[in-house]
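Protein chains: 2
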Amino acid sequence: MTRLGETPPLHPAFSLFPVVNGTLSVGGMSLSALSDRAGGTPFYVYDRAKMTERVKLLRRHFPSEIKLHYAVKANPMPDVVAHLAKWVDGADVASGGELTVAKNAGFSAAETSFAGPGKRPEELAQAVEWGALVNVESVREVDILTRLAEELGRSPRVAVRVNPDFGLKHSGVKMGGGPQPFGVDVEQVPLLLAEIGRRRLTFEGFHIFSGSQNLQSAAIVESQNLTLELAIRLSAWAPGPVRVLNIGGGFGIPYFPGDQPLDLAPIGENLRRWMTPLRAALPEAQITGEMGRYLVGEAGVYVCRILDRKVSRGKTFLVVDGGMHHHLAASGHFGQVIRKNFPVAIGNRMGEPATETVSIVGPLCTPMDLLADCIDLPLAQVGDFVVVFQSGAYGFTASPHRFLSHPPPSEILV
Amino acid sequence: MTRLGETPPLHPAFSLFPVVNGTLSVGGMSLSALSDRAGGTPFYVYDRAKMTERVKLLRRHFPSEIKLHYAVKANPMPDVVAHLAKWVDGADVASGGELTVAKNAGFSAAETSFAGPGKRPEELAQAVEWGALVNVESVREVDILTRLAEELGRSPRVAVRVNPDFGLKHSGVKMGGGPQPFGVDVEQVPLLLAEIGRRRLTFEGFHIFSGSQNLQSAAIVESQNLTLELAIRLSAWAPGPVRVLNIGGGFGIPYFPGDQPLDLAPIGENLRRWMTPLRAALPEAQITGEMGRYLVGEAGVYVCRILDRKVSRGKTFLVVDGGMHHHLAASGHFGQVIRKNFPVAIGNRMGEPATETVSIVGPLCTPMDLLADCIDLPLAQVGDFVVVFQSGAYGFTASPHRFLSHPPPSEILV
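Chains as they are written, first to last, in numbering that gives the first Met the number 0: chain B, 0 to 413; chain H, 0 to 413.
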């Protein structure tokens, strides 16, 4: 935590959204107009054009053979998923609830895959009935799917989610390498593949995912190389041709002071080099990248309003009508070991000089309800808008809305 | 985090609930019967008799002059609040939503107070219209209440929430002393009292709260002494007699290995010694203790079911159908700096010897979804019940239910 009087290092400039007459504008609307549209503060607003730009940016860098899937868990708002359904090639879901959202948003079963370390039998049935691809993560799931094949007279589509023997270096979240509840250890995969071959299951390929929220392209390149080599190696044990190869994502966005945006160029170049050897080794394989946060994280902001200004023993608090119950990650209680400030601004005083050091707190009776600790901002007044950037992913749904029984935030797509 | 192979220190024995034929029983019902009642796992179950016992225990130790309030934020389930309304003397609420719950549960406006660092104008209006006591925490709130007094033709009841010049030592959560968004710094209170005296407001007293989740009675005794001395000192500036004096709570419950239950005896004795000097100094003052977690925390358990057993590189994972989206505190992401395991058991194998070391994880695609890390448990099977104790407070409502779009847990009171 930054101590009183210290000046924290500066955030990277977040200039994704235009400023009109000193006020931030999202999707061509001012914060006041957005607040009216949302029914007042607090609210999340997502900019569809920014998501589309992100998809296009990835397509420019990636070989055209690579398909792009949206990881619904990053932001399952139905309007957001429906928008992305028009721009990406498929969806990856992590629950039966997300599967329903993807289906309703217009994704096809053929292009939807379902992963998760603890799939309930009814969720597996839902996926099989619809015809989605199930990324199996244990022998038990293979058994349940075999039973469902009998019951439903289907041949469920399966891929094996592999827990590789490497992790994605320098990741915000490590999910591969070492003991993991995710996927099947690579050492156990050949046995599981043989078992799948003996069941009434349609083997389609592999899902290999080693980490997320990574800002270092060299680490992503290294992990993609290891992933592709591993897929080729594992294909020798496969009960049929590899048709699907989900190489995960792991692409991060900058949140904190010092973070630099990910450089896509070396990742794209490396994937291009892989296309020829991949065609030789896995001629039928469709390579898919899975992106959640990278597509939607920077396209969303959380907006609340200042209720009160309080000075307590030399420290200035801006008390706002939103807080950790709406945006757990910004409060620092969502996987961070050391709390850091999200990028925050007074949305109707953009460009005004930062003349005071303040902490921004919510209405909850707990010191955890802190949106920004000792940051330099323009002199703000009651009624001003506080904007938290980089809030389009793992914001609304990853927060304890019912904590202290305040109204939940609203969500709008513009 | 405990490393693979290390044996963590043991939890205190949690023998609050009886075991019948090896299965935990809550409110006279087995886990299977409870699961049926709840519509399946995962669910929270709260035992009304345990809450009543807690109230009675406090009454035995406290002087009879002291009133007991329930802090609704700890568990706002309407059935729980309605049960406690029959046993305690009043309610403390932290939002307009909680105020509605308290009112519907049968608490009277006369015995309900409303605190919070960021009360919205409509919440203040709701409190004034009903006639609840508002613990004011800033000059702005005094201004809004003055305006409401005119508009509604009322004289709003107010107490001053004081940010003392001391904190509660050894607290899990420090909320007094130093710069705080909570309450008004004691140095500023005389000025605010003078201001209140000039407005159309009914001054009733003070709310002095310095921390929570404390297990050391000596620290609570010291803090209560400082609180009572401070209230007497501040009463010299009060615009009228002190009728209400909320001395907070701060009473903790044991969660982690090494935690010992709070010893109420010295706290009760100390309060008894205070009754005579308090009657002399503040003859009209009703002393109130505010308890949330202490009344309900141990009365509730979270119950989920094992979906899968997985061994990955020598580490055994029990994958359950609940997790951090239902019980954020048990996952270690609710204010803990270092993650510790909540007390956990295989609810249908109580008393069986602990023969394996396992980690209990939920169905979410994130390493944060961890309910217990490397604990020793009896050999458990798919379908067994996993019980998380000490889950009656800050469990259900303090969790991000929508994260990854799984169904929310249900809640039952037995």
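One or more hints might be untrue.
What the hints assert, rightly or not - Take a look, some chain H residues computed to stay more than 12 Å from chain B by CB distance:
1. 67
2. 109
3. 124
4. 197
5. 282
What the hints assert, rightly or not - Under 7 Å between C-beta atoms, here's a sample of chain B residues computed to sit facing chain H:
6. 93
7. 178
8. 407
9. 409
10. 413
Please keep in mind that the hints were generated in silico from the structure rather than gathered at the bench.
Please read all numbers here as calculations on a predicted model, not as lab measurements.
All residues carry an ideal CB built from backbone N, CA and C; glycine is no exception.
Hint-by-hint comparison with the structure:
In this structure residue 67/H is separated from chain B by more than 12 Å, as the shortest Cβ-Cβ distance comes to about 19 Å. For residue 109/H, the condition that its CB be more than 12 Å from all CB atoms of chain B holds, with the nearest at approximately 21 Å. Every Cβ of chain B is farther than 12 Å from the Cβ of residue 124/H; the closest lies at roughly 14 Å, confirming the non-interface assignment. With a minimum CB-CB distance of about 21 Å to chain B, residue 197/H clears the 12 Å threshold, and the non-interface call stands.
For residue 282/H, the non-interface assignment is confirmed: its Cβ lies about 30 Å from the closest Cβ of chain B, beyond the 12 Å cut-off. The criterion of a C-beta within 7 Å of any C-beta in chain H is met by residue 93/B, whose closest approach is roughly 5 Å, and the hint holds. A cut of 7 Å between beta carbons decides the hint on residue 178/B: the least distance to chain H is about 3 Å, and the hint holds. Given the 7 Å rule on beta carbons, the hint for residue 407/B is violated: about 9 Å separates it from the nearest Cβ of chain H.
About 14 Å separates the beta-carbon of residue 409/B from the nearest beta-carbon of chain H, more than 7 Å, and the hint is not met. Hint on residue 413/B is violated. Least Cβ distance to chain H is approximately 21 Å, over the 7 Å limit.
Hints 8, 9, 10, counting from the list given before, are not met by this structure.
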